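A.B. asks: Letter by letter, the chains look like this.
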Amino acid sequence: MQTEIHDALWLDHSQRVSISDLVDLSGLSESEVHELIDSGALAPVNEAIPWSFSAQCVVTVRTASRLRHELELDSHALVLALTLLEQIRALETELAQLRAQMPSFGRF
Amino acid sequence: MKYKDYYAILGIERSAAEADIKKAYRKLARKYHPDVSKDPQGEEKFKDVAEAYQTLKDAEKRAAYDRLGQHQSGEDFEPSRDWGKEFNTQFNDGQSSFEGVDLSDLFASLSRGRGGGGRTNANFPIPGEDFEVAAQINLEDAFQGTQVTLNLSVPVYDEQGRMRREARTVEARIPKGATDGQRLRLRGQGGKGHNGGRDGDLYLNIKLHPHPLYRVDGFDLYIDLPLTPSEAALGATIEVPTLAGAVHLTVKPSTNSGQQLRLGKRGLPKPGGGAEAGDLFAIVKIVMPPTLDEREKALYTQLAEGSTFNPRIHFTREAANAN
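From first to last, the protein sequence lines are chains A and B. Under numbering that gives the first Met the number 0, the residue at position 71 of the first sequence is numbered 70, and the numbers go up by one with no gaps. Under numbering that gives the first Met the number 0, the residue at position 38 of the second sequence is numbered 37, and the numbers go up by one with no gaps.
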């Protein structure tokens, strides 16, 4: 058994990744990543080429890759699923926010 | 090696047609896929379903699986040497044992053994497996930064390209800036690549344990601030616990229940190692003593008789407007 200590890198807005990073880390082809950009499921942070993306997009492309290959979705279904998952995530965040702000009556 | 009944996992007959296998897989994948399922066991169930489908959808692999014979689920068994030779697995030299190999690895080795476009196993680059792991940490650890121990079962390859699973412990340092749902990547810390394939990565999904005092919203924290009626009426200086130690908070006179008092930058630190942090909000909760003693009763009576305050004045105003 081998033990190693490693630093973890944030996958959030503070880090940037390139389109080839998204391809390498997801297993999607470059044209599949372009389809996600064209559909609006992925948005670069700059308009000029070469594009750069928030590292959070790594999570999106990896989800896209799993959905595409494991649920055998075509590109339209994939974009729809990603959009709905993002809506669920936003609603869950809002719900968690409201719960956090709600005083816990009956307990003190 | 433990036997898994792939047909039972997919809920189909052993004689099922290819179309039925696909149909059963799609139905179960929609139900258990970890990206869409809320079932806490979904991920485990999906892994089994996907493993069963990977083998049964491929006619050659299905035939090889069927030739293993029928065993009880979970029963220990070992394929015969003849089986290894017949299906040209990496275990076909008559010498190798199947120790440390699980059923899914065995069938994965079948497709690699077949190769593609004339490529042989010896030069076929195999990327290392990526791992996604939930890292459960508490709020204090997120505040200070922490280290988590992850136990993985990673595939390793010997010189002949045979794959086996090996236990590996990875210590991952989680810097300050973690909150619920944050993702981290540990580059190259998944399975090792083989024949020039890249090493896999380890992805952490941060989950915060619920805290008895604080509720979390991103990097902001919320705490209930119970006040006595007199503290709320007259104002007070209250000691409030924060993750960096207690601070004194001034509550103004005539403070109401539900009011939020902000303690700037007393929440969770944001990623990047800078001074940026969320806020801590103290939510006022006016609390009555469960019972009043005689003296308190007398004082409240005196207050009630001397006060003209009516918190329901809008009832009368709204009623008048409605008429």
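Hints listed in this document are in silico derivations from the structure and should not be mistaken for laboratory results. All of these numbers come straight from a predicted model, not from anything done at the bench. Each hint should be verified, as a subset may be incorrect.
[Said to hold, decoys possible] Quick look at which bits of chain B chain A covers, simulated, 3 or more residues with Cβ under 8 Å:
#1 18–29
#2 181–191
#3 204–217
#4 275–289
No residue lacks a Cβ here, since even glycine has one placed at the ideal position from N, Cα and C.
A.B. asks: For every hint, state whether the structure bears it out.
C.D. replies: The hints, checked one at a time:
By the rule of at least three residues with a Cβ nearer than 8 Å to a Cβ of chain A, the coverage given for the stretch 18–29 of chain B holds, with 3 such residues. For a cut-off of 8 Å, the count of residues in the stretch 181–191 of chain B with a CB near a CB of chain A stands at 7, and the three-residue condition holds. Given as covered by chain A, the stretch 204–217 of chain B passes the check, having 4 residues with a CB less than 8 Å from a CB of that chain where 3 are the minimum. Residues of the stretch 275–289 of chain B with a Cβ under 8 Å from some Cβ of chain A number 4, which satisfies the need for three, so the listed coverage holds.
The structure is consistent with each of the numbered hints, conforming to all of them.
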